[in-house]
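For reference, the chains in residue letters:
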Amino acid sequence: MKKLLVTVRNFFLKRNFFLKKSLTKYSWLEIQKMINKLIQQGDCSKAFAVLFLSRFSMKNVGFGRIARKIVVRAKHDEDELCKQVSNHYFNDDFHDHCNNLNEALNYGYVCLLLKEWEKGFKTLSKFESEFSNDQQKILFLEILYGLILDYVNKERLDEAIKIKMLISSIETENIGKYLWKMNRDFVNQFHSMGSDKGPDPLMNHMNFKDFIEEDFGKKCKRIDIFEQLMALDHLDNYRNINSIKRKKPTDRPLNILVVSDNFNFVEQPCSVFKSFGYKLRYIPFKTLDSSLKLQPDIYEMIYGNATKEEVFNELEKKLPWVLDLINWCDVVFVEWWNRPAIFFSRYLDESKSLIVRLHSYEAFTTLPNFTNMNGVDAGIFISEHIREIFYATCIGAEKYSRRHSVVQNIRDLCKVVYSKRSSLQKKTLCLVGYSKINKDPNFALDILQILLNNNAEWRLKLIGYPWPIVVKSEDFDYYHEFKSKLSKLSRSVELIEFQEEIQQSLVECGFILSTSLREGSHEALVEGMSSGCIPVLRNWPHVSNFNGAKKMFPIVSPIDTPAEAAKQILEASKDFDNKSKIYYQNARKFYDRKTSGKELVGIIEDLYN
Amino acid sequence: MTFKMKKKPTLYSLIATKSVISANNGDVINEIRNMGTLSSVFDVYYNNDIYDPQKKQLGIKDQLGPSREYDFYYIRNNPDVFKSIRGKKIIMAYPYDEDMFKSASAVFVQTPNWKNHLQKNGIDSEEKLKYLYKTLTPSYEGLPYDFKCPVINTWQRTDQDIVDKVSTKKDLFKFEAETTGAKVFGYYGNLSKNLYPYMGFAAIKNLHRDFPEHSPTVILAGKFRKGGEIADKNIIHIGNVDYDDMPSLIDVSTATFTTESLLCNTLGNQKVLDSISRGVPVLCRKLDTFVSQLGDNYPCFYESENEAYDLAKNLLMDKDFSEDVRKFCLERSKYHSQNEVIKRFLDQPELKSLLDS
Chain L
1 MKKLLVTVRN FFLKRNFFLK KSLTKYSWLE IQKMINKLIQ QGDCSKAFAV
51 LFLSRFSMKN VGFGRIARKI VVRAKHDEDE LCKQVSNHYF NDDFHDHCNN
101 LNEALNYGYV CLLLKEWEKG FKTLSKFESE FSNDQQKILF LEILYGLILD
151 YVNKERLDEA IKIKMLISSI ETENIGKYLW KMNRDFVNQF HSMGSDKGPD
201 PLMNHMNFKD FIEEDFGKKC KRIDIFEQLM ALDHLDNYRN INSIKRKKPT
251 DRPLNILVVS DNFNFVEQPC SVFKSFGYKL RYIPFKTLDS SLKLQPDIYE
301 MIYGNATKEE VFNELEKKLP WVLDLINWCD VVFVEWWNRP AIFFSRYLDE
351 SKSLIVRLHS YEAFTTLPNF TNMNGVDAGI FISEHIREIF YATCIGAEKY
401 SRRHSVVQNI RDLCKVVYSK RSSLQKKTLC LVGYSKINKD PNFALDILQI
451 LLNNNAEWRL KLIGYPWPIV VKSEDFDYYH EFKSKLSKLS RSVELIEFQE
501 EIQQSLVECG FILSTSLREG SHEALVEGMS SGCIPVLRNW PHVSNFNGAK
551 KMFPIVSPID TPAEAAKQIL EASKDFDNKS KIYYQNARKF YDRKTSGKEL
601 VGIIEDLYN
Chain F
1 MTFKMKKKPT LYSLIATKSV ISANNGDVIN EIRNMGTLSS VFDVYYNNDI
51 YDPQKKQLGI KDQLGPSREY DFYYIRNNPD VFKSIRGKKI IMAYPYDEDM
101 FKSASAVFVQ TPNWKNHLQK NGIDSEEKLK YLYKTLTPSY EGLPYDFKCP
151 VINTWQRTDQ DIVDKVSTKK DLFKFEAETT GAKVFGYYGN LSKNLYPYMG
201 FAAIKNLHRD FPEHSPTVIL AGKFRKGGEI ADKNIIHIGN VDYDDMPSLI
251 DVSTATFTTE SLLCNTLGNQ KVLDSISRGV PVLCRKLDTF VSQLGDNYPC
301 FYESENEAYD LAKNLLMDKD FSEDVRKFCL ERSKYHSQNE VIKRFLDQPE
351 LKSLLDS
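Taken in sequence, the protein lines are chains L and F.
Residues in the first sequence are numbered consecutively from 1, following this note's numbering.
Residues in the second sequence are numbered consecutively from 1, following this note's numbering.
Hints may be right or wrong, so weigh each one.
[What the hints assert, rightly or not] Mimicking DSS-like on lysine-lysine, the simulated pairs with C-alpha atoms at most 30 Å apart in a straight line are:
| no. | chain 1 | residue 1 | chain 2 | residue 2 |
| --- | --- | --- | --- | --- |
| 1 | F | LYS83 | F | LYS61 |
| 2 | L | LYS279 | F | LYS226 |
| 3 | L | LYS286 | F | LYS170 |
| 4 | F | LYS319 | L | LYS274 |
| 5 | F | LYS313 | L | LYS317 |
| 6 | F | LYS226 | L | LYS318 |
| 7 | F | LYS205 | L | LYS317 |
| 8 | L | LYS286 | F | LYS233 |
| 9 | L | LYS472 | F | LYS55 |
| 10 | L | LYS247 | L | LYS221 |
| 11 | F | LYS223 | L | LYS318 |
| 12 | L | LYS181 | F | LYS223 |
| 13 | L | LYS219 | L | LYS137 |
| 14 | L | LYS69 | L | LYS317 |
[Stated by the list, open to error] Only part of the chain L face toward chain F is listed, based on derived beta-carbon distances under 10 Å:
| no. | residue |
| --- | --- |
| 15 | ASN100 |
| 16 | LYS318 |
| 17 | LYS461 |
[Claimed, not checked] Now the in silico label distances, taken between C-beta atoms and shown as ranges:
| no. | chain 1 | residue 1 | chain 2 | residue 2 | range |
| --- | --- | --- | --- | --- | --- |
| 18 | L | TRP328 | F | GLU229 | 54 to 60 Å |
| 19 | F | PRO53 | L | ASP261 | 41 to 47 Å |
| 20 | F | ARG225 | L | ILE170 | 48 to 54 Å |
| 21 | F | GLU305 | L | PHE590 | 53 to 59 Å |
| 22 | L | ASP261 | F | LYS61 | 41 to 47 Å |
| 23 | F | ASP244 | L | ASP215 | 49 to 55 Å |
| 24 | F | SER67 | L | GLN41 | 25 to 31 Å |
| 25 | F | ASP43 | L | ASN36 | 45 to 51 Å |
| 26 | F | PRO53 | L | LYS581 | 57 to 63 Å |
| 27 | L | GLY42 | F | LYS61 | 18 to 24 Å |
| 28 | F | SER22 | L | GLU481 | 33 to 39 Å |
| 29 | L | SER419 | F | SER22 | 48 to 54 Å |
In case anyone wonders, no lab produced these hints; they're calculated from the structure.
Note that CB positions come from ideal geometry on N, CA and C, so glycine has one too.
Excised from the complex, chain L in its bound form (with noise of 0.2 Å):
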């Protein structure tokens, strides 16, 4: 064994050896192409060992921006090259004592390549003065963004706010990209309470949890770090309704803007305000990122520090319609608190009033830590505890709870006839959407199993989407179980596509049930009830902190376990139609337009008292 380990080394070596010996024939053109067409045959790693025997030859010019190439583009080694490249890099004869400028660069990529920040920052701000183009400049930025974000780790404070002005005085062309995505991370990471954990940390259950239980002392010092390294407090400069007084038109109706980056859910809202003679246009977001490449662009405006005069020259020259929509509008309504939400916090005329509808997932995001509160007349959120989440993920926000509200969804209701149900529909359970761990259908199926220990008759519905053919990777486990569990129960259950009008379905079930980790609303649940189902509530866990499931539905009993739900449907099925009968008037009384949208409405006539 040993002896073949020798020989396999040996013949590496040689192999090596022959290598570099026939590198030695070629220039560093030559290399650098050998090189590229390596990296685009996809062997990454013969890439590396020709960059490596050659930079003799080349007197290090450019060995770190190329390592930096063959890594990014490895598709599966990565982390082998990098270690490679730190065992060659650093414990050999290159050293981080620079010459020159070209030297520096090197080393900088080579340091960037690595996340060796500090080394980076030291060797290259040496040489700053010398930077003689942007490409320069831009690896020198992103050390720096590499080095706040690990002070900002470490809660070294002092140094980070140094930085962070260093960052400011940079002048090149894309800062402004730089400086959003420093933002950006700076949320994630305070979102990550940080460590690394990806964009949107919050998204994720486990995160989520661990950041609500967080120690409040812990929290408010990374809030503290977080308000001084983004210092938000100035898009009051771009904004800042405080003092303003607007009057209602009197000669014509109220013109409103609604601007969503999709229209799902707002065709209801929209209806109540054609009924109270409000006059409609809309602006759909998304053609802000149109092929007509805004200068700045979108990310800048949204993240960065895009003034309003040169968002408003650029829209005049690209969207000039946009702008005239604007200029047309008393009030821009925006659906979601996403991107429109921060870009009209900041840009939209004071003589305007801006109202933002935060729907869920907006709440665990980082997006709305971005917004200038103080430029939005009106929040109005769907349920209390997405309000509650909202106070506790985005920073200062709560400091403005006077401008907020929650309505309800916009539901009309009405429309479904009371149908009763036959003994089969009465032991038939439902579970809308069913193809996202969030919605836990292995919880519905345990539910059924339970029934069914007791009475073969019970089923289930699963209506929606099927799983994607090709499982994310992070859903794997969850998705054979659901299989699995599945094909255990597949004589009791009925897979039903997608049904852009699943109220026909669900009168043909007893009981709806809402299994999900987290919820804003959930719609399904109030549909079914709206038909006459029994709703079947758990209490979400994601949200249970925020008593999420309770403050939605108090009219409903949620309950924690598959036991549990199964004990209360067998309690319901004993009066099953007194029970649905309540339940379907209660959903018309609690949850239909009626009562939200004269909320709603009032919500824009408040704007004017």
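Given chain L, work out where chain F should sit, using these hints.
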């Protein structure tokens, strides 16, 4: 004239270098519909994959060219593959390639006027063909002097999926919002500066100026071609719209526009058929193709900016006029249904002579 055949001949079909196609741009959509018509006579294979209207994608990815022998080969815009094939070869008569024209067994066109010009029947045929072919083939000076091969009109037809699609309330709201709630005059498809209906756009601009309360607006859907970007207060680009969503976008339109380019004295135009099949008027310049598609007495032809203005204004404000045009469009679209088109396609002696050859 009808054909009774025990077994249909096979036809290999290929568009340019597209080994695989799906309904995502005008030319391809056009060809997919064309295959539907051709399949009344042939067993059609798109790049070795049997044509089936239900398939979302046609063709074999890693092949380009026939992998076996077929009875006929229909090659559009790929001279290399065309030259490499031995057998009965058919071409689409656009763009122009002299060698392909010389050696083709038949030439497909999609309008009767185009066929007429290739058969040199019109007094202005030469001029119109020059206009058509010179743009992409500057060396074009005329058809080969001995050009006599059969010219077969495959026609264009409405797509039954577009005709049948029911727009839900939700669909209509979505597109009302996507088009900003304006009164929509849509231009959907190839957003190229050479094809824009400039007289039509100018008419809507003036209409917007005169009647801002009605917010007449040009909505562009599709991808800007290089240099085709335009920006104005009443011109809005909404990006690409899925083929399946097009009926709903057309439904929220007061009217649609189509190109004013003289190319449409010969070339076909699918946009017109899509629009009329939903009962939505098309404002169009009186060009030969549109006359053949809509009939000579279609009420929304214009020849000038002023005429376009008056028509757009009437469609915007005169409900009776608008309703009459809607009815006219729906009636006329029957002429372009698959069954009608197949009847006309089969009723061509040139097709018979090709099949008998």
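Taking the hints in turn, this is what the structure says about them:
Under the criterion of a C-alpha separation no larger than 30 Å, the hint pairing LYS83 of chain F with LYS61 of chain F is consistent with the structure, at around 21 Å. With a C-alpha separation of about 37 Å, the suggested pairing of LYS279 of chain L with LYS226 of chain F is violated against the 30 Å cut-off. Under the criterion of a C-alpha separation no larger than 30 Å, the hint pairing LYS286 of chain L with LYS170 of chain F is consistent with the structure, at around 19 Å. For the suggested pair LYS319 of chain F and LYS274 of chain L, the alpha carbons sit about 22 Å apart, so the restraint of at most 30 Å is met.
For a cut-off of 30 Å, the pair hint linking LYS313 of chain F to LYS317 of chain L stands: about 28 Å separates their Cα positions. Between LYS226 of chain F and LYS318 of chain L the CA atoms are separated by roughly 16 Å; this keeps the pair inside 30 Å, and the hint holds. Among the hinted pairs, LYS205 of chain F with LYS317 of chain L is consistent with the structure: their alpha-carbon atoms are about 17 Å apart, no more than 30 Å. Between LYS286 of chain L and LYS233 of chain F, the direct Cα distance comes to roughly 17 Å. Compliance with the 30 Å bound is thereby established for this hinted pair.
With a C-alpha separation of about 26 Å, the suggested pairing of LYS472 of chain L with LYS55 of chain F holds against the 30 Å cut-off. Taking the CA atoms of LYS247 of chain L and LYS221 of chain L, the gap is about 43 Å. The hint is violated against a cut of 30 Å. With a C-alpha separation of about 16 Å, the suggested pair LYS223 of chain F and LYS318 of chain L falls inside the 30 Å cut-off, and the hint holds. Simply put, LYS181 of chain L and LYS223 of chain F have alpha-carbon atoms about 29 Å apart, close enough for the 30 Å limit, and the pair holds.
Only pairs whose Cα atoms come within 30 Å are accepted, and LYS219 of chain L paired with LYS137 of chain L is rejected, the gap being roughly 34 Å. Proximity of LYS69 of chain L to LYS317 of chain L is assessed by CA-CA distance (about 37 Å); at most 30 Å being required, the pair is judged violated. Taking 10 Å as the C-beta contact cut-off toward chain F, the hint placing ASN100 of chain L at the interface is violated, the least distance being around 43 Å. Restraint check, LYS318 of chain L versus chain F: the minimum CB separation of about 5 Å is within 10 Å; hint holds.
Here the hint on LYS461 of chain L is broken, as its CB sits about 22 Å from the closest CB of chain F, past 10 Å. Roughly 24 Å separates the CB atoms of TRP328 of chain L and GLU229 of chain F, a value that falls outside the hinted 54 to 60 Å. Under the hint 41 to 47 Å, the C-beta atoms of PRO53 of chain F and ASP261 of chain L, about 34 Å apart, miss the expected range. In this structure the hint that ARG225 of chain F and ILE170 of chain L lie 48 to 54 Å apart at CB is violated, the actual value being about 38 Å.
Hint check: GLU305 of chain F to PHE590 of chain L, Cβ distance near 57 Å, so the stated range 53 to 59 Å holds. Here the CB-CB span from ASP261 of chain L to LYS61 of chain F is close to 34 Å, at odds with the stated 41 to 47 Å. Roughly 52 Å separates the CB atoms of ASP244 of chain F and ASP215 of chain L, a value that falls within the hinted 49 to 55 Å. At roughly 28 Å, the beta carbons of SER67 of chain F and GLN41 of chain L sit within the given window of 25 to 31 Å.
With their beta carbons about 47 Å apart, ASP43 of chain F and ASN36 of chain L fall inside the hinted range of 45 to 51 Å. The given range of 57 to 63 Å is broken by PRO53 of chain F and LYS581 of chain L, whose C-beta atoms sit roughly 48 Å from each other. Checked against the given bound of 18 to 24 Å, the beta carbons of GLY42 of chain L and LYS61 of chain F, roughly 20 Å apart, stay inside it. For the hinted restraint 33 to 39 Å between SER22 of chain F and GLU481 of chain L, the CB-CB distance of approximately 35 Å keeps it satisfied.
The hint said 48 to 54 Å for the Cβ distance between SER419 of chain L and SER22 of chain F, and at roughly 43 Å that hint is violated.
In this structure, the hints that do not hold are numbers 2, 10, 13, 14, 15, 17, 18, 19, 20, 22, 26 and 29, in rising order.
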